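S.K.: Residue numbers (the working numbering), protein chains in the order written: chain A, 1 to 114; chain B, 1 to 113.
Since the hints were made in silico from the structure, they are not lab data.
A quick note: this is a predicted structure, and the numbers were derived from the prediction, not measured.
A couple of the hints might just be wrong.
[To be verified] Calculated pairs, DSBU-like style, for lysine-lysine (alpha carbon to alpha carbon, straight line, at most 30 Å):
1) LYS42/A - LYS112/B
2) LYS57/A - LYS42/A
3) LYS42/A - LYS52/B
4) LYS3/B - LYS52/B
5) LYS78/A - LYS57/A
6) LYS42/A - LYS3/B
7) LYS112/B - LYS57/A
8) LYS57/A - LYS3/B
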Amino acid sequence: EPEVTQTPSHQVTQMGQEVILRCVPISNHLYFYWYRQILGQKVEFLVSFYNNEISEKSEIFDDQFSVERPDGSNFTLKIRSTKLEDSAMYFCASGETGLIYEQYFGPGTRLTVT
Amino acid sequence: DAKTTQPPSMDCAEGRAANLPCNHSTISGNEYVYWYRQIHSQGPQYIIHGLKNNETNEMASLIITEDRKSSTLILPHATLRDTAVYYCIVRVFFGNAGNMLTFGGGTRLMVKP
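Just chain B, same shape as in the assembly (with noise of 0.2 Å):
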């Protein structure tokens, strides 16, 4: 799997978006990037994922640059209950085999009134 790069911490503004980067530099054609957060040792929860076009959905949008060799979260208008650690992940699909997730120090994000 590609090794992941992430900021250790950021702050937003509430209301504001959170961009929150990656850089995926090795990442082969085949990986995904998968982002999930941590809230305050909560389990880990999914958040978006995508190939090489960009991706929205209720929770966020993904931008993965044209080389896909980095990308960047963005939560439109953070809220304080966005505040957590957020985990870029790039793995290969493997199909119905079960995948393990890898997490990596990912960045806590720190929404501030």
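Just chain A, with the same shape it has in the complex (with noise of 0.2 Å):
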């Protein structure tokens, strides 16, 4: 069965320190996501991506974040300057149609900022 693929599974970074996570969706879908947990906490919605740009974001999703789906196949975030605050689990979720339904994540990248 096709999974949402993430990669590191854990990544510590200095804290001004820019990071890029990445993700693989699944082949045949249309629609991403990245949702972010931080410890203890609900899971938040940060963006959602379709047809190469921004189609929704959260007042999480400020300057500092960016998406870039660079080669059709992979789908990246990235953190410019990261803070202590940016310290969560990062979900990356894809979708062949808009449904919420069908927004399948995958299994997360933990972000360490010291």
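Take the two lone chains, each set in its own frame, and fit them into one complex as the hints suggest.
M.R.: Rendered as structure tokens:
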């Protein structure tokens, strides 16, 4: 069964550094999402992406964040200058359509900012 | 989107039915009820959804009251692998614009041997 994959599984970085979190969505999917979950807290929506542009974003997704689909298979989340409060699990999801129940989540990347 | 209320935690004996309630008293006529779960820090997983009729799939059943103000997710024969946080989400379907999921606190279900 096809799966969303994410790399790395755990990333440690120093405050102020740039990080890129990578996701490989399911191959025929057209809709892509990033969510994050700070330890012990709720899963929070960051951004959705369709047709090579952002379709929705939350207040969390400020100018420090960007997304890209560089090569037709990967979907990346870049944090330009990490802060301690960016430490969280970041989940990528993809869907063939924009239907809510067709969001398939990856296993997540745990980002630790020191 | 309508607000949902779920108990923070529940226990269930292995092999028994797990009934997880969700209150969504302010739901509007075009809002669907969706259930997702998250097993120990893994990515959330879709379970089932419905508008007003009861629904069943290979994972669970969804019972929605006639006034649609509450619903119950039923796992008919809970296993230890069903231990997870279960989220009830109420959301309008907008179409092909990409639909964000808004997760609340959910119900932490502990299935015990």
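S.K.: Does each hint hold? Answer for all of them.
M.R.: Going down the list of hints, with the structure as the test:
1. For a cut-off of 30 Å, the pair hint linking LYS42/A to LYS112/B stands: about 24 Å separates their Cα positions.
2. Note on LYS57/A and LYS42/A: the hinted pairing holds, with a Cα-Cα distance of about 17 Å set against a maximum of 30 Å.
3. With a CA separation close to 27 Å, the supplied pair LYS42/A and LYS52/B stays within the 30 Å bound.
4. A hinted pair counts as satisfied when its Cα atoms are at most 30 Å apart, and LYS3/B with LYS52/B qualifies at roughly 17 Å.
5. Only pairs whose Cα atoms come within 30 Å are accepted, and LYS78/A paired with LYS57/A is accepted, the gap being roughly 14 Å.
6. In summary, the hint linking LYS42/A to LYS3/B is supported, as the alpha carbons are separated by about 15 Å, within the 30 Å threshold.
7. For the proposed pair LYS112/B and LYS57/A, the alpha carbon gap of about 39 Å is over 30 Å, so the pair is violated.
8. Simply put, LYS57/A and LYS3/B have alpha-carbon atoms about 20 Å apart, close enough for the 30 Å limit, and the pair holds.
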